[in-house]
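**Student:** Here are the chains, one letter per residue:
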Amino acid sequence: MDNKQNNTREWFHGLTALILALFLLGISSGLGVMKNIVDLWGAALAVPEYPAVIMREIFVGWRLWSRDKDFLDTEVKKLRDENALLRRELARLTGEKIYSDDLKSTREKNSRTARITLRAPLSWWNEIRIDKGESDNITQGLPIFYEGYLIGRISSVSLMSSWAELITSSSFMIPAVIEETRELGVVAGDGNGSVFLHYIPAGRGVKSGMRVSTAMIGEQLAPGLPIGKIAGEFSSASEGYATYKIQPGAELSKFYTVNY
Amino acid sequence: MFLVILWLLQDFLTVFAGGGMQIPGLFMLGIIYRLICKDDSDGSLWAIWSAFAGGILWDLRWVGIPGFFTLGNVIVVMLVIKVWGSIPPQGRVSGTGLLIFILMEVSQLVPPLIPIIILGGDTGWTFFFLQQIYSLPAILLTLRVVLKKLKEKAI
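So the protein sequences, as listed, match chains S and G.
Each residue of the first sequence is one higher than the one before, starting from 1 at the first, in our numbering.
Each residue of the second sequence is one higher than the one before, starting from 1 at the first, in our numbering.
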């Protein structure tokens, strides 16, 4: 009996609540006073909601900061690349001195790394094999670097690996420039760990420590890639041209990876 | 007090989400939890009027026109009272998980559905569906707590 009474009471209260809700829904949209009540209730809730507002502001601020940072990083990278390209172009057009070291840091940031998988004792100073190939966008003639300095270029490419000819190889010959004097010559190795700069006119004030980088003379290599420094005069030929020994910027006796 | 805290928590989370995501109806889940786990002698009138009051306050804060969530909340509570009341006390422990899940899902479905049906709008429907997805973890968590409580009661 009690249970039935309870049920009836619940239904009565439930129906009353439903009718009240419907009544409120029907009349409240037309009541001007409702706006005031809504405002009042909103103001009262502003106190418990305050921490949520602060937390949201912090969260949104952090998200915006993170998004802006990503955007700025991309823009800076784009501008760096563009700047490096323009400086090279400017140097080519005006003959102005720009130092390859300035471009080195930019290139280091944008480069990818490959692991050396073979350096045969019989061709120790001539070639290496790396673990990147066609599938990694390696192409023949691509320069490779170590510690930001040119150490060779890709000589053959297969799908998963490539061979690179080292700067110390006797068949490696590239046009180069002494950055301080703009004298042009040819860099070549001797197959025994040494690198030389040939065909520099004698008596042009070339000194030890001057920087040598690639020159843009119709080669596949871009200009301004740092190679090393003049270590000293090696020989002076009778035709008035000197050969200089170069100290490569990269430590060629202890590298396990290369950048490209 | 428990329901007041849940209402404030739901409001707090809604402010924090700032419209970016829909918040589960914690207040209604709390009412269902109490309705299911209560003793029969306690009656259910408190649930009807708590749902009514909570609905009005929610409407005043987030809809601007009282009546939408008020109506939805009361409908859900009446449904839960009717369905749960029709199961004999001996059979309320085992095998009721699915039924409780459905009741909880209805509690998340009906109250926000009423303003969308009446007011309409594309964003309304999108938000409504998103809320159902976001509600699922809260529903499953409450279901787990309810089933545990029912088992304890049975022992």
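Check before you lean on any hint, since a few could be wrong.
[Stated by the list, open to error] In silico lysine to aspartate or glutamate, EDC-like type, Cα no more than 20 Å apart, as pairs:
1. LYS38/G x GLU49/S
2. LYS82/G x GLU49/S
3. LYS4/S x ASP39/G
4. LYS149/G x ASP39/G
Calculated directly from the structure, the hints in this document are not laboratory data.
**Student:** Go through the numbered hints given earlier and state which of them the structure violates, listing their numbers in rising order.
**Tutor:** 1, 2
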